[in-house]
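Asks: In case you want the letters, here they are:
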Amino acid sequence: MRRIHRPNLWHKLLLLFLRRLLSSEEYYEFKDDIDEVYQDIVEKDARWHADFWYGCRILESLPSAIIECVTWRWMMFTNYLKIALRNIQRQKGYAFINIAGLAVGMACLLLILLYVNYEFGYESHNPDAERVYRIYVEHHESNEVFRTSSTPVPLVEALHKDIPAIEDFSRFDALPRLVASYKDKRFVETDMVAVDPGVFDILGFQLMTGDKKTALQDVYSIVVTEDIAEKYFGEEDPVGKTLVVDGSLSLMVRGVMRNHPSNTNFDPDILVSFSTIKEVFGSGYTTNWLSQVLQSYILVPEDHSVEMLEKNIEASFSKYRAKENDERRLKLERLSRMHLYSIFGNQGIRTITIFLAVGVLIILTACINFMNLATARSAKRAREVGMRKVAGAQKNQIIGQFLGESFVYALLSLILGILLAAVSIPLLRNITGQSLHVTQMGQMPILLSLVGTLVLVGFVSGSYPALYLSAFRPVSVLKESFGAGKSGTLFRKILVVSQFSVSIMLIICTFLFTCQIDYMINMPLGFKQDQIVVIRNPGRGSIEPFKQMLAGDSRVVSICGSVLLPHSIGRYNEVTWEGADNNETIAIKHNTVDYEFLKTYEIPLLAGRNFSRDFTTEFREGSRDPRNAGAVLLNETAVERFGWDEPIGKKVIQVFGELRLTFTVIGVVKDFHFSSLRNPIVPLKIFLGRQPSTYISIKIQPQDIQSTLKKIESAWKSFNPNAPFEYFFYDSVFAQLYQQEKNLRTLFQYFSFLAIFIACLGLFGLASFAAERRTKEIGIRKILGASSQGLVLLLSKEFTKWVLIANIVAWPVAYYVMSQWLSGYAYRTSIDPLVFILSSFLALVLALFTVSVQSIRAALANPTESLKYE
Amino acid sequence: MVLLTRAEEIVLLAVYKLRDNAYGVTIREQVKADIDRYWAFGVIYKTLKKMQVKGYVDKIAGEPLSQRGGRSKYFYRITDRGFQALDDIANVHSSLWEGVRLSLEK
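First to last, the protein sequences are chains A and B.
Each residue of the first sequence is one higher than the last, beginning at 208 in my numbering.
Each residue of the second sequence is one higher than the last, beginning at 4 in my numbering.
Hints are not guaranteed to be accurate.
What the hints assert, rightly or not - The list that follows gives simulated cross-link-like pairs (lysine-lysine, DSS-like), each with its CA atoms no further than 30 Å apart:
{"id": "1", "chain 1": "A", "residue 1": "602", "chain 2": "B", "residue 2": "53"}
{"id": "2", "chain 1": "B", "residue 1": "62", "chain 2": "A", "residue 2": "596"}
{"id": "3", "chain 1": "B", "residue 1": "76", "chain 2": "A", "residue 2": "602"}
Unchecked claim - Cβ pair distances, simulated, as ranges:
{"id": "4", "chain 1": "A", "residue 1": "604", "chain 2": "B", "residue 2": "93", "range": "40 to 46 Å"}
{"id": "5", "chain 1": "B", "residue 1": "62", "chain 2": "A", "residue 2": "563", "range": "53 to 59 Å"}
{"id": "6", "chain 1": "A", "residue 1": "598", "chain 2": "B", "residue 2": "22", "range": "30 to 36 Å"}
{"id": "7", "chain 1": "A", "residue 1": "594", "chain 2": "B", "residue 2": "93", "range": "39 to 45 Å"}
{"id": "8", "chain 1": "B", "residue 1": "62", "chain 2": "A", "residue 2": "598", "range": "18 to 24 Å"}
{"id": "9", "chain 1": "B", "residue 1": "93", "chain 2": "A", "residue 2": "598", "range": "34 to 40 Å"}
{"id": "10", "chain 1": "B", "residue 1": "62", "chain 2": "A", "residue 2": "680", "range": "26 to 32 Å"}
{"id": "11", "chain 1": "B", "residue 1": "93", "chain 2": "A", "residue 2": "680", "range": "48 to 54 Å"}
{"id": "12", "chain 1": "B", "residue 1": "62", "chain 2": "A", "residue 2": "646", "range": "55 to 61 Å"}
{"id": "13", "chain 1": "A", "residue 1": "604", "chain 2": "B", "residue 2": "62", "range": "18 to 24 Å"}
These aren't lab readings, by the way, just hints derived from the structure by calculation.
All of these numbers come straight from a predicted model, not from anything done at the bench.
Virtual Cβ for every residue (Gly too), placed ideally from N, Cα, C.
Generate coordinates for the entire structure from the input sequences, incorporating the hints supplied.
Replies: Take a look at the structure:
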């Protein structure tokens, strides 16, 4: 009795491989033959010997099997390729629809990928981005949480001392605009920050010259970027040179750092050592645990538990809490998450997700074109499939052929798509403001996703036609004239409906973006922003002399100074108020202004009065007495929050730990929007400052603006000869305020246009196919007396139905998506049903137009011609 | 006249000599006996396939065998064209070597 050979594992592997290469007959012939010899050897010789022999026989036969197999496959492949290219050549219109659609889709996706890649690249130049955390503060109030990234000055230094896990730290304190000079060179510097020496490791700044340990150690040391060094010192060696800042402060350059990449959130021009700030501001600044003025960053070991660290920080912080009911909690946010996921930012990840989804939808629309046209026109290929099958082609070979064909299309479109994308990069750059460049296409993640897209597109668009075509029975397709693409029409309808759903959805989104932007731009803000010239004042001190200089001029209506402009008031501090329960405190925003603020911005008073020059005690902290620290104006929301019926004369107490400053309410202003309309109006208090002069706002007459500006400039020159005259019109700020939304809208305009373009291309293909298929029918109908209009209607009716059905899908989805998006805005436009109807109408008109081009041609054709056709 | 390649010549001669018992294993053994070297199975099958396409050999399925899991053993038999090809190559050989006398003893 012969034992049956049971191959061991590596024999099995080798056989498996061989099985892939050979046809089943060849394989079994080979296997049975060597099994036979194997049995003989096993009977005579040792088992291992036979096993070894068996393995060797397979191995030595592999090369010839491989060569054989590759040769045949290559021959078939060249044949498939030839057929595919011939088909493209023969049916140029059809190939154009497929390739153009796919290419446009791929170009869109590629551009979106570039955009996304750029966004994800934020801080990627920093090798430690995963180990760096920003500390932020949470205020918990009854049922609301206020968060701010501003932290007390001494916090992070103390934490570093207490907690060993914190390897290094840096504060990041943005300094106001200051004039810096070197010899005769004088510029306003807008991007100066005070930082600790740890900043180089923490924020990934790279020093070209200087030592990162010591460069920012000493008082009056600074580090500048290459550009700044060039600007002030030209060819000279900047290290050791001195910049004079703010007229009196001499700062020595101790190092030069590389210019920052464009995708970073941190791009200061000049780093000032923190010890300088301590020296200038004194110990009152560095020991204040209550004011939250700057950002704090820490470096911790990799894989250190964040919760653990937060606990340690909490424990350490409790030692320094200045008051009993200090409700502040310290939390951590990872540096690498700051750009896209920040709880403070605009949640960039949302935009990215939207765009990726749109890109995928557009590509799918293009894939659907391919599927539809390939199956609809299957009659053209049916004979070929039949012949191949008769000649012995296996079903999976046919599948392979058609899949391969769709890959050829995908590859051609990819090449075209890359070209299209390269051409349109400047457009995207203009819209998003990112410094995008063609070379970024060569980055690994982009290349990989392109290959992925190619495979996916080839597969998605090729698989259905391949399965559909390979299932043809040779007998039926070769015998009779094949009923052209009758089966699968339902599936095709579903696909067209989904294409138009996508298009209609995108159109609705674009319209609603526009509505929301218009709504925000046209919303009355509660103050007037027209004809106001704003000067950023780099100096300090009273601006009264400047006001005096322009006082007599009738072209100047009013001048005011303020710490912040009315559209962006963002500073918080803690207050309690007369009649608050249990000394309840809340953080509310504030601005410090002078007497003319309300007048200049035309903010109406609802009750009480404005600040008055008749009283000297109204200045913020004007007297030494904390119980009478000055006067304050509140907005309506604040009065409502405090629950006062009669606000005038009531007290508001600002809490600085032990220090409690009491202010008297003298007036209530009407609510105005002092931040983006994304956010609701919150309580606000307005103080009178002695010298609030960060911004000087000048309301002017609308006539003869140029000469008014000249007059203002000459007054400015004599008031502050050191500072350049830099101004802007306040309403230009509002034009930029909703830039993000506008960019989104512009991109959506393009995308929805492209989506509907691709969908119409597909529809055009289907319509021309339908018209061609019904040529005879139309001819007969015409002879029997059908009118041309009637025929156009007949041919267009079906497509119209599809587009109408698409609305049923598109409307609820668009409604859901847009209400999600709008919920991010405190002040939002209502979703107008008219938008939906209009979008659908637009899609319908475009679809009808596309279809009618074909239908009219078919309907007008001479019936004698069409009946001759075959 | 199309000449056989050397590999075809060797395998076809083996098939010829084995008559009714020419299949993978025996052909390989015959080749070994003729040229004193074992050939890989793969090479033998490849050559046989080529000759089958050219019409020098026929491939015949034998009775299904239980040792082979119910599959047939495939036998090869030389065709008339194959026989003709052998005849041709033999003629070529003899005319090539005619008058050549290599002195093998050193």
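Asks: Determine for every hint whether it applies to the structure shown.
Replies: So, going through the hints one by one against the coordinates:
no. : hint                       : in the structure
1   : 602(A) x 53(B)             : holds (26 Å)
2   : 62(B) x 596(A)             : holds (24 Å)
3   : 76(B) x 602(A)             : holds (28 Å)
4   : 604(A) x 93(B): 40 to 46 Å : holds (42 Å)
5   : 62(B) x 563(A): 53 to 59 Å : holds (57 Å)
6   : 598(A) x 22(B): 30 to 36 Å : holds (35 Å)
7   : 594(A) x 93(B): 39 to 45 Å : holds (43 Å)
8   : 62(B) x 598(A): 18 to 24 Å : holds (20 Å)
9   : 93(B) x 598(A): 34 to 40 Å : holds (38 Å)
10  : 62(B) x 680(A): 26 to 32 Å : holds (30 Å)
11  : 93(B) x 680(A): 48 to 54 Å : holds (51 Å)
12  : 62(B) x 646(A): 55 to 61 Å : holds (59 Å)
13  : 604(A) x 62(B): 18 to 24 Å : holds (23 Å)
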